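Undergrad: Please build the complete structure, drawing on both the sequences and the hints.
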Amino acid sequence: MISVPSTRDRAIAVGGGVELFTIKGLKAGPTFLFHDQAPFHDVLQAVTDELARAQGFFRDSPVVLFFGDRLLQKEEWWKLKELLLGEGLLLRYAVATSPVSRELLYKEGLPVRDSLVASVVEQKTAPAAAQKNTDTSYLRRGLRGGQKEICEGDVIVMGDVNQGAEILAGGDVVVVGTLRGMVHAGYPDNKDAVVVALNLTPLQLRIGPMIARADDDQNNRRVSRPEIARVKDDHIMIEPYQGKL
Amino acid sequence: MGGRAIVVTSGKGGVGKTTATANLGLGLAREDRKVVMIDGDIGLRNLDLIMGLENRIVYHLLDVVRGRCQVRQALIKDKRFPNLSLLPASQVDQKEDISPEQMRDLTAQLKEDFDFVLIDCPAGIEQGFRNAIAGANEAILITTPEVSPVRDADRVIGLLQQSIGDPRLIINRMNPEMVKKEQMLNQSDVLEILAVPLLGIVPEDEEVVIAGNSGAPVVLNERSRSGQAYRRIVQRILGEDVPIPELNGNVGFIQRLGKLFFGR
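Protein chains in written order, with the working numbering: chain A, 872 to 1116; chain B, 263 to 526.
Keep in mind the hints are simulated off the structure, nothing from the lab. Quick caveat: nothing in here was measured; it's all calculated off a predicted structure. Warning: the hint list may mix true and false statements.
[What the hints assert, rightly or not] Partial chain A-side listing against chain B, Cβ under 7 Å, derived:
hint, residue
1, Arg1015
2, Gln1034
3, Gly1035
4, Thr1072
[Stated by the list, open to error] SDA-like cross-link-like pairs, simulated, lysine to any residue; straight-line CA separation at most 25 Å:
hint, chain 1, residue 1, chain 2, residue 2
5, B, Lys274, A, Gly1017
6, A, Lys1019, B, Gly427
7, B, Lys443, A, Thr1072
All C-beta atoms in this analysis are idealised placements derived from N, C-alpha and C, irrespective of residue type, glycine included.
TA: Structural data, given as structure tokens:
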């Protein structure tokens, strides 16, 4: 059924020892594991009972939802969501294998991931990167051509970073505006660094040892949604920013 | 210290700084303001040519700074407007022959006698640029709707913000036909990148070239479209709220259609 590295478990057993609902404290944060074969009604009841027992312990906690192979129905998801949000939980992302469930959850606005294991690995590396970067440079303005910002830690820019401007950061770079200039995040070799911008349209982007450049015919690429660039499989990937790293 | 000292700058050369300075100077003089234009382009002077005053130069900026003459001896009165003067540059000296401090003092001195001191800045961001902006308390930035002048303008804005503050922008040589065909950056593209207040848009106009060669800037030509644009800009400099018209009337509509269809 569910195979996840377990640390601190709290499970309730109903009817013959089947765990309808389990909460695991993983590195990704509290993870809610839902039995993927049992009738959803029973699972929902188990969740209700468990959260009642927790007495608001998880209020304001960002949690990961693990659905396994379940074919989730829209009504079922709504009931569950209502219950979870009613308990004051913050939903980080869902892990589901069935394409139907994945599509449903994605359409419902919840980020979906392939597996919990990968995310555990991802989370393992992130704090290490965060520890290394001690100071953050916060610019309460944009950067124009010819201007340069160098920082050992993370850089936050409140404004546009125009062509001809440069940012060299040991950690992440966040641009609350349009990024057109050159950014090197994770300098010199931190592959875990990310670049986030409201409009991510640089001609060249560097993360750690990786360099990506815009397609030649993509010179005037414009997007109207926030995007995040990160290193995946030794390539810099750009994807929509879902409000979470 | 009553007058306003305005530097006209661009970063890139050839986008129309000197032409703009001449037109703004004449336009302000036409409105009965006392105006002096300083040609800050030492070694490559042009403003006298555009104004058709080349033959009257006796002393120049460097002579004043070196104490060879009084300021008023070097000032050349315009042949059309007695309230407009030109302080020409030297053609034989270099930008390094004058310091920002000397320019600041000179500008301060001229501000006492004139309503407007317009400083025509040389291209580039080196000493000539630093000299030209030293005495100014306002800046007007000229760009054309093309990628490389806009990038240079962006660089210059960054430098101006360290001293004078945000410049006001004039987009020069806007060609409505090319904008319509999306061959040229449009007004909102330029403003999106530069993010400074827009002072005006001057359409591309062959009469500007003719005027430049004949020493009679377009602002004096009642029929010229670019002349009309400069006259409106002059009104805005004087603090009047004159709307900036869409070029060719329907360009804005076409742009909006384009945005609808291409989602851009």
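Undergrad: Are the Cα positions of Lys1019/A and Gly427/B separated by 25 Å at most?
TA: Holds: Lys1019/A and Gly427/B sit about 19 Å apart, inside 25 Å.
Undergrad: Holds or violated: the hint that Thr1072/A contacts chain B, with Cβ atoms closer than 7 Å.
TA: With a closest approach of 11 Å, the Thr1072/A hint is violated.
Undergrad: Is Lys443/B within 25 Å of Thr1072/A, Cα to Cα?
TA: Between Lys443/B and Thr1072/A the Cα gap is close to 23 Å, so the pair holds against 25 Å.
Undergrad: With a cut-off of 7 Å, does the beta carbon of Gly1035/A approach a beta carbon of chain B closely enough for the hint to hold?
TA: It holds, given that the least Cβ distance between Gly1035/A and chain B is near 6 Å, below 7 Å.
Undergrad: Restraint: Gln1034/A near chain B, CB-CB cut 7 Å. Satisfied or not?
TA: holds, 6 Å
Undergrad: Is the hint on Arg1015/A kept, meaning its closest Cβ partner in chain B is under 7 Å away?
TA: Since chain B brings a Cβ to about 3 Å from Arg1015/A, closer than 7 Å, the hint holds.
Undergrad: Are Lys274/B and Gly1017/A close enough, with their CA atoms no more than 25 Å apart?
TA: holds, 14 Å
When the structure is compared with the earlier hints, a violation turns up for hint 4 alone.
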